[in-house]
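Asker: Here's the letter readout for the chains.
2 protein chains.
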Amino acid sequence: MSIKAGWKVKPHAAIIGAGRTAFGEQWYKDPEKLMMDAGVSAVESVDLGLGRRDIQACYFGSFLYQTTNKLGLVSGHMARELGINIPMNTTEAACASGGSAFYNACIAIKSGMYDVVLVGGFEKMTDRSSKIIDDLMFAADPYEFDSGFTFPGLYASMMARYIHDYSFGDQRCIEALAQIACKNHHHAVNNEYAQYRRDITVQDVLKSTLIADPIRLLHCSPVSDGAAAVILTKPELAKKYTDTPIYVIASQQATDDISLYTRESMTGIKATRLAVGKALREAGISIEDIEIAEVHDCFTIEEAMFLEDSGYYENGKAWEGIYESYESFKGSKHIPYIKNGKELIVNSGGGLKADGHPVGATGIRQIHECFTQLRGKAGKNQIDKDLNLALCHNIGGTGGIATVHILARDIHE
Amino acid sequence: MSIKAGWKVKPHAAIIGAGRTAFGEQWYKDPEKLMMDAGVSAVESVDLGLGRRDIQACYFGSFLYQTTNKLGLVSGHMARELGINIPMNTTEAACASGGSAFYNACIAIKSGMYDVVLVGGFEKMTDRSSKIIDDLMFAADPYEFDSGFTFPGLYASMMARYIHDYSFGDQRCIEALAQIACKNHHHAVNNEYAQYRRDITVQDVLKSTLIADPIRLLHCSPVSDGAAAVILTKPELAKKYTDTPIYVIASQQATDDISLYTRESMTGIKATRLAVGKALREAGISIEDIEIAEVHDCFTIEEAMFLEDSGYYENGKAWEGIYESYESFKGSKHIPYIKNGKELIVNSGGGLKADGHPVGATGIRQIHECFTQLRGKAGKNQIDKDLNLALCHNIGGTGGIATVHILARDIHE
Chain P
0 MSIKAGWKVK
10 PHAAIIGAGR
20 TAFGEQWYKD
30 PEKLMMDAGV
40 SAVESVDLGL
50 GRRDIQACYF
60 GSFLYQTTNK
70 LGLVSGHMAR
80 ELGINIPMNT
90 TEAACASGGS
100 AFYNACIAIK
110 SGMYDVVLVG
120 GFEKMTDRSS
130 KIIDDLMFAA
140 DPYEFDSGFT
150 FPGLYASMMA
160 RYIHDYSFGD
170 QRCIEALAQI
180 ACKNHHHAVN
190 NEYAQYRRDI
200 TVQDVLKSTL
210 IADPIRLLHC
220 SPVSDGAAAV
230 ILTKPELAKK
240 YTDTPIYVIA
250 SQQATDDISL
260 YTRESMTGIK
270 ATRLAVGKAL
280 REAGISIEDI
290 EIAEVHDCFT
300 IEEAMFLEDS
310 GYYENGKAWE
320 GIYESYESFK
330 GSKHIPYIKN
340 GKELIVNSGG
350 GLKADGHPVG
360 ATGIRQIHEC
370 FTQLRGKAGK
380 NQIDKDLNLA
390 LCHNIGGTGG
400 IATVHILARD
410 IHE
Chain Z
0 MSIKAGWKVK
10 PHAAIIGAGR
20 TAFGEQWYKD
30 PEKLMMDAGV
40 SAVESVDLGL
50 GRRDIQACYF
60 GSFLYQTTNK
70 LGLVSGHMAR
80 ELGINIPMNT
90 TEAACASGGS
100 AFYNACIAIK
110 SGMYDVVLVG
120 GFEKMTDRSS
130 KIIDDLMFAA
140 DPYEFDSGFT
150 FPGLYASMMA
160 RYIHDYSFGD
170 QRCIEALAQI
180 ACKNHHHAVN
190 NEYAQYRRDI
200 TVQDVLKSTL
210 IADPIRLLHC
220 SPVSDGAAAV
230 ILTKPELAKK
240 YTDTPIYVIA
250 SQQATDDISL
260 YTRESMTGIK
270 ATRLAVGKAL
280 REAGISIEDI
290 EIAEVHDCFT
300 IEEAMFLEDS
310 GYYENGKAWE
320 GIYESYESFK
330 GSKHIPYIKN
340 GKELIVNSGG
350 GLKADGHPVG
360 ATGIRQIHEC
370 FTQLRGKAGK
380 NQIDKDLNLA
390 LCHNIGGTGG
400 IATVHILARD
410 IHE
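Those protein sequences? They're chains P and Z, same order as listed. Going by numbering that gives the first Met the number 0, the first residue of the first sequence is number 0, and it counts up by one from there. Going by numbering that gives the first Met the number 0, the first residue of the second sequence is number 0, and it counts up by one from there.
Do not rely on the hints blindly, as some may be mistaken.
[Said to hold, decoys possible] Sample of chain Z residues with no beta-carbon within 10 angstroms of chain P, all distances over it, derived:
| # | residue |
| --- | --- |
| 1 | Arg79 |
| 2 | Lys206 |
| 3 | Ser207 |
| 4 | Pro221 |
| 5 | Tyr240 |
| 6 | Ser285 |
| 7 | Lys376 |
[Claimed, not checked] With a straight-line Cα cutoff of 30 angstroms, these simulated DSSO-like cross-link-like pairs (lysine-lysine) come out:
| # | chain 1 | residue 1 | chain 2 | residue 2 |
| --- | --- | --- | --- | --- |
| 8 | Z | Lys130 | P | Lys32 |
| 9 | Z | Lys69 | P | Lys28 |
| 10 | P | Lys9 | Z | Lys9 |
| 11 | P | Lys233 | P | Lys277 |
| 12 | Z | Lys384 | Z | Lys329 |
What the hints contain is simulated information worked out from the structure, not anything from laboratory work. Ideal Cβ placement from N, Cα and C applies to all residues, glycine included.
When you get a sec, could you build the whole thing from the sequences and use the hints?
Answerer: Shown next, in the form of structure tokens:
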């Protein structure tokens, strides 16, 4: 363990099970069926057994189920599927819907009202075809939509500004922002659930179709279908369900202007900065203590900005750290970011870029990935290290909301 | 006070302020602007002062903002409008979105994470015109939609079954289900925020346009725009903000099959029965102790079913109670339901029927109404009695979800 001796923390909740579907194109499954599949696999994953009637409340996160899937009142669908009449809640926070549902579920456990809570995220996007591009813009300012922006366009503005302000167009900066995609594709090769399990090269990225200059196709996370679920319990009950629970030691959410044009900065996400700062203080650790992180890489620029917003690299310097790390470690099973000789592995299962981005599912998929890696149960994709501390970062829109959760295997209460 | 001596209860939260917009047609206001108006009026209503920076989290409820208003990530809009970066959550539970947001806000206060939370509900429906009928069906089973049902059709099935099973077509039953509309219109006459402030007669109801036999136009709640908001704090902090807080002494939610065709019964709502039963047990009272109730009268049959689901009247007997009460008290400022000489006033401000039903706002509007009546601050519409206990009942779809909250003015912890 890398953290200070005597470190003590009181967890919000314990994670005792996790399940998910494969991400990608799921033509023959309704969204609520995908959610059920993930939920059932989470329930069945609990080592010492859990019945669906042991679940006392559910929290679901999804973004476009209404417009894209003509679906409402998800609770009523799930009550019928599960055959139980417990409290169920549905949270919408754009691409952070999963993270927001998890945040609310942690609060619910903390309130003492429930012993066992299921948290799920789902999204079914592919059958909406190209119309999904317009639907996704519900998470942006209407003026931005009306003036012709799409999400790649909004992130392209940030990426162009970043390259200009921090590297003056340095070729290494441009390559670093492509290397993020290469790293995340590489991490997905051994992930059996991932949408894209193939390596790509920096040249593949830089020669892929131009979407919104400087963003090219391979800088972008895909449109995906999928669902993920995790089971939470009170920390003091965790050992009843598994010998190896994972604890939620920080849970934070912050919001910011929905519109990019009213923000203080184009080269960082204020909501991330606030949420990650509060989460690290809550856990009593620093960002250097984190060993693995799931970062919201909807476009590669966002992973670079996280590395600065979290304080891992200095403002304007992430691209240099990324470039050096990638050149030093490319070819390794997992490619870490290095800083003062220490390593941080980001998006060990491929992230949004390669594992896939069914938006409402993403925040829960991130928790699933860290839960699995911290327990050493990631199979062929297991990181070859003893891991204790993980961080999950999920944002909505261009950063109108951010959730940050820190997970720990071994804690001292 | 009607409850037993020595009654003690530990409240979830205290309500210290409430605000709302007028309900009806609001052509020149965006939904997020309506929500802001209600939120600001709630903040300004706090007797001893509250600044918007004292709010530590927000919970919003809305149903169709995405499809109807092309709006997503409400948190990002509100963060910009309020100029604060606090955690904000959006809950969708069809017509119970407001109740569900309030339920989650109570959990948040109970968790100890926040001192002051704003809960809001909003909906802007009128500018969607007749398309809103299809959008609303997202809260029903897709098979029901595909076979031609609308919400009036689904409730008409329940109403027809109720009249058939429980009265064999007795004219007094048919009149009782019209009297509910007359009573609620009468209650709205002095409510300055209400959409319809005019009396109607039983003959008006029974001669109004047939919508879905036996449901006629004046059995139905309207399509409305509007918003409402309340401010919650920890019970122990309440007196810092007002000398007359109102306490939330029970907060319950239950779910059931989204589809009517898979339910056990067509003449009652199981989710209501479960939620109201649990709420009464939690508060340590019986339904006869409740003095005023806000009941989800989306169609008048639903108010009648509540009176049975809650145990106030015996199964199949509500229509007799309604008929007798109305005949005895019509013309009174508020028309109570009577049982063994005791009175229960339902929907004192007009309910969904006459106050209006901007769906996501309704659950919060109900809390606003009870908060105001319990404090004796309802102005011209104030009930002429000393009131202590109120109940709010909000359902989604045809009863796929129900929330029940019990409020008290004087408690003994």
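Asker: Hint by hint, say whether it matches the structure.
Answerer: Structure-based check of each hint:
1. Arg79: With a cut-off of 10 angstroms, Arg79 of chain Z comes too close to chain P, as the shortest Cβ separation is near 4 angstroms.
2. Lys206: 34 angstroms, holds
3. Ser207: Given a closest Cβ separation of 28 angstroms, the condition holds.
4. Pro221: Nearest chain P Cβ is 20 angstroms from Pro221 of chain Z, so the label holds.
5. Tyr240: Given that every Cβ of chain P is farther than 10 angstroms from that of Tyr240 of chain Z, nearest at about 22 angstroms, it holds.
6. Ser285: Fine: 22 angstroms to the nearest Cβ keeps Ser285 of chain Z off the interface.
7. Lys376: Holds: least Cβ distance 30 angstroms, greater than 10 angstroms.
8. Z:Lys130 x P:Lys32: This hinted pair holds, its Cα atoms lying about 27 angstroms apart.
9. Z:Lys69 x P:Lys28: Status holds; Cα separation ~26 angstroms.
10. P:Lys9 x Z:Lys9: Roughly 25 angstroms separates the two Cα atoms, so the pair holds.
11. P:Lys233 x P:Lys277: Holds, at about 22 angstroms.
12. Z:Lys384 x Z:Lys329: OK: Lys384 of chain Z and Lys329 of chain Z at ~18 angstroms, within 30 angstroms.
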